[in-house]
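**Student:** Each chain is listed here by its residues.
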Amino acid sequence: MLLPSTGNPESIWHHRLRRVDLSAASPVIYSAQIVATGDTFDSWFQEKNTVRSWLRVPIVVAAVALRSGLVFVGEDPMSAQTTAYKAPRTPDGKPDLNGIWQAINTANWDIQDHPARQGVVLSLGAAFSVPGGLGVVDGNEIPYQPWALAKKTENAQRWLTADPEIKCFMPGVPRATYMPYPLQVVQPPAPADMLIQYEFASAMRVVHMNAAQASGVDSWMGWSTGHWDGETLIVDVTNFNDQTWFDRAGNFHSDALHVTERYRARSADVLDYEATIEDPKVFTRPWTMRMPLYRRAEKNARLTEYKCVEFVEELMYGNLSKKSPK
Amino acid sequence: METSARNPLSEKFFFVAHLFAGRVGGALALAALAVFPVHAQTSARSSARTTAASPRKASGTTAKGTMIPRTPWGTPDLNGVWNGNTMTPLERPDKYANKPFLTEQEAAALEKAQRDTALLENKATPGDPGTYNQSWTDPAFKLLPDRRTSLIVDPPDGRIPFTPEGQRVEARSIARYGKGPYNSYLDLDTGERCITDGLPIYFGGYNNNYQIFQTRNYVAILHEYFHEARIIPLDGRPHDSMPQWLGDGRGHWEGDTLVVETTKFADKGQYEWAAAWRAARSTTHLIERFTRKANSIEYQFTWEDPTMFTRPWTARWPLSRQGDIGVTRGPIYEYSCHEGNYAMEGVLSGARAKERKDTATKGSSR
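First to last, the protein sequences are chains C and V. Take the first sequence: its letters are residues 1 to 326, numbered as in our numbering. Take the second sequence: its letters are residues 1 to 366, numbered as in our numbering.
If you're looking for bench data, these hints aren't it; they were derived computationally from the structure. Check each hint, because a few of them may be wrong.
As the list claims (entries may be wrong) - Just the calculated beta-carbon pair ranges, DEER-fashion:
hint	chain 1	residue 1	chain 2	residue 2	range
1	V	T314	C	N105	22 to 32 Å
2	C	Y306	V	P306	27 to 37 Å
3	C	K94	V	A175	52 to 62 Å
4	C	K94	V	A124	15 to 25 Å
5	V	G74	C	E278	27 to 37 Å
Unchecked claim - Taking lysine to aspartate or glutamate and the DMTMM-like style, the derived pairs with C-alpha atoms no more than 20 Å apart in a straight line are:
hint	chain 1	residue 1	chain 2	residue 2
6	C	K322	V	E272
7	C	K152	C	D92
8	V	K179	V	E355
9	V	K264	V	D235
10	C	K307	V	E339
11	C	K323	V	E355
A quick note: this is a predicted structure, and the numbers were derived from the prediction, not measured. For each residue, glycine too, the CB sits at the ideal point set by N, CA and C.
This is chain C alone, in the form it adopts within the complex (with noise of 0.2 Å):
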């Protein structure tokens, strides 16, 4: 625990705050970076004059704890880098988010709060019924569009013959994110693409890192466009055409689709995730989801084959096979 002392100055660390929401109901600190100065925390705040000494202690406990990670503050982590976990970088001096990741949430069932409910497939029981979990969407509204909602629930009565994911289409940005599989992230030193490899029906997104080249064609997984932001990879898709759902409760959106993602490490072992949805077609206004991917860390973690095409055929095309004759 770090507190200012009168000892030697050279000990002492400085914080600096950013921006400071006083107006909060408990500080909201938008970003904190510890930096040892000569300087002693005293002198520092009577020069700034930028926070009122009676503010001073629970400032700095917050400071410290968010600079230990040991606490995640506000509402809005990613854009106001709330932690000051750098990851280790690539020899082109980008952040290395080199590995396996997974999504470890209920999402690919339901983005928004869901509680517990029985499957529609009677016969697997509870291996197959819908587990309750909160929602990765800030503020748990998803802004329909008033005929969009009535769509999406027409979706979600249809789920077994109308989710796409049940015919092993690919998934989409960003169900695929989040879909219980891992995903793998190769990243080469800059020039060159980054891939994203998901499990799932091999699904992949080759993230251009060269913003000249553009896509003139609708594609299930969109056209992805990457470029860094300090700490933070932003990939911008588009592209998408309107046959991906978000979840398997009927979410989804048309081919108007634009999702901004957000990648950036939260520690060595843990990236936050976010992705902004914008579709005027069937949406109010933006929205986004937010959540943590985590490393798979067994020592040789792979992504295994998924390719679940045969898996479907029988569904999908047994109608048309010859009939044993009688």
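Given the coordinates of chain C, work out where chain V should sit on it, guided by the hints.
**Tutor:** Leaving out everything else, chain V in the frame of chain C:
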């Protein structure tokens, strides 16, 4: 070894034609048929000139003073989009049985004929939808730079050394291709079912692009076809025990050559495969070598399976930047095969309709 029914040249266009038949239209296969025999007609075996072509140096050394691009950690840089499509067939055609290399004139004539026929189309006739020209595909217009008459370099005769069982499987596959029977989805090949065409690297009518992503500990090889990426660890971990369609690959550097060894292929011999030799079996073993040159990658594979082949056999050819071999430049695009597999529905429902028609005809003739 019987050869009359198994024309290696036909195998190449069968591989290409199956793609057309499955996904573009069966009659497009006829266009491929129309194109390839031209090669047989124009290449004159009667030329008495000994080949002036020098065989590719086995060691693959770069020219003196040529620098190859390297990664920050010193290994050759394989990153980027590559294409290795070539007019040269995998197996040496019968007519070149004693001719491992073409002369410059012979090669030039073949390449010219390929360019001249690229816009051939077959008009529709009753019962035959006709074919589009090759603007719709990604045909090769170049032979191998050293004018070798097969991609196979070992055995020296340039032919796949099938066992009797291997010949039987191959002959059966060629005989049933495009003809069926099509009783169910199981009767289409793994590519027509949009599952995979397996390993190793190979080229057909389209989607011949590969993008390689290279980090210190992994090499990922993304094939545009089937949006399939192999992510190969380079860190020396042992093979694991799970059999898979694309096996289990491990890579390491031998000097400036990336060597990838793949074992643990799943047993998929009971599936239909467009090119029977590519079927994965638990007995299959693959060694690939990637050697970066100044402007290309020399690619070599050695394929082994005692069930199908009397010995391991090896093919070698360059992967180039698209522009260097006349392929349209561009990034990898999405290959959503299964999501739009209308050919599957078409083939099966067509077979069922034919059965109903045949049954009705029999009934009415009693």
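**Student:** Against each hint, give a clear statement of whether it holds in the structure.
**Tutor:** Verification of the supplied hints:
In this structure the hint that T314(V) and N105(C) lie 22 to 32 Å apart at CB is violated, the actual value being about 49 Å. Taking 27 to 37 Å as the suggested C-beta distance range, the pair Y306(C) and P306(V) conforms, at roughly 30 Å. A C-beta distance of roughly 54 Å is found between K94(C) and A175(V), which places it inside the suggested range of 52 to 62 Å. Remark: the range hint 15 to 25 Å for K94(C) to A124(V) is contradicted by a beta-carbon distance near 55 Å.
Separation of G74(V) from E278(C) is about 43 Å and departs from the stated range, judged on CB atoms against 27 to 37 Å. In summary, the hint linking K322(C) to E272(V) is supported, as the alpha carbons are separated by about 18 Å, within the 20 Å threshold. Under the criterion of a C-alpha separation no larger than 20 Å, the hint pairing K152(C) with D92(C) is inconsistent with the structure, at around 44 Å. Proximity of K179(V) to E355(V) is assessed by CA-CA distance (about 14 Å); at most 20 Å being required, the pair is judged to hold.
The hinted pair formed by K264(V) and D235(V) meets the criterion: a straight-line CA distance of about 18 Å does not exceed 20 Å. For the proposed pair K307(C) and E339(V), the alpha carbon gap of about 13 Å is at most 20 Å, so the pair holds. Under the criterion of a C-alpha separation no larger than 20 Å, the hint pairing K323(C) with E355(V) is consistent with the structure, at around 11 Å.
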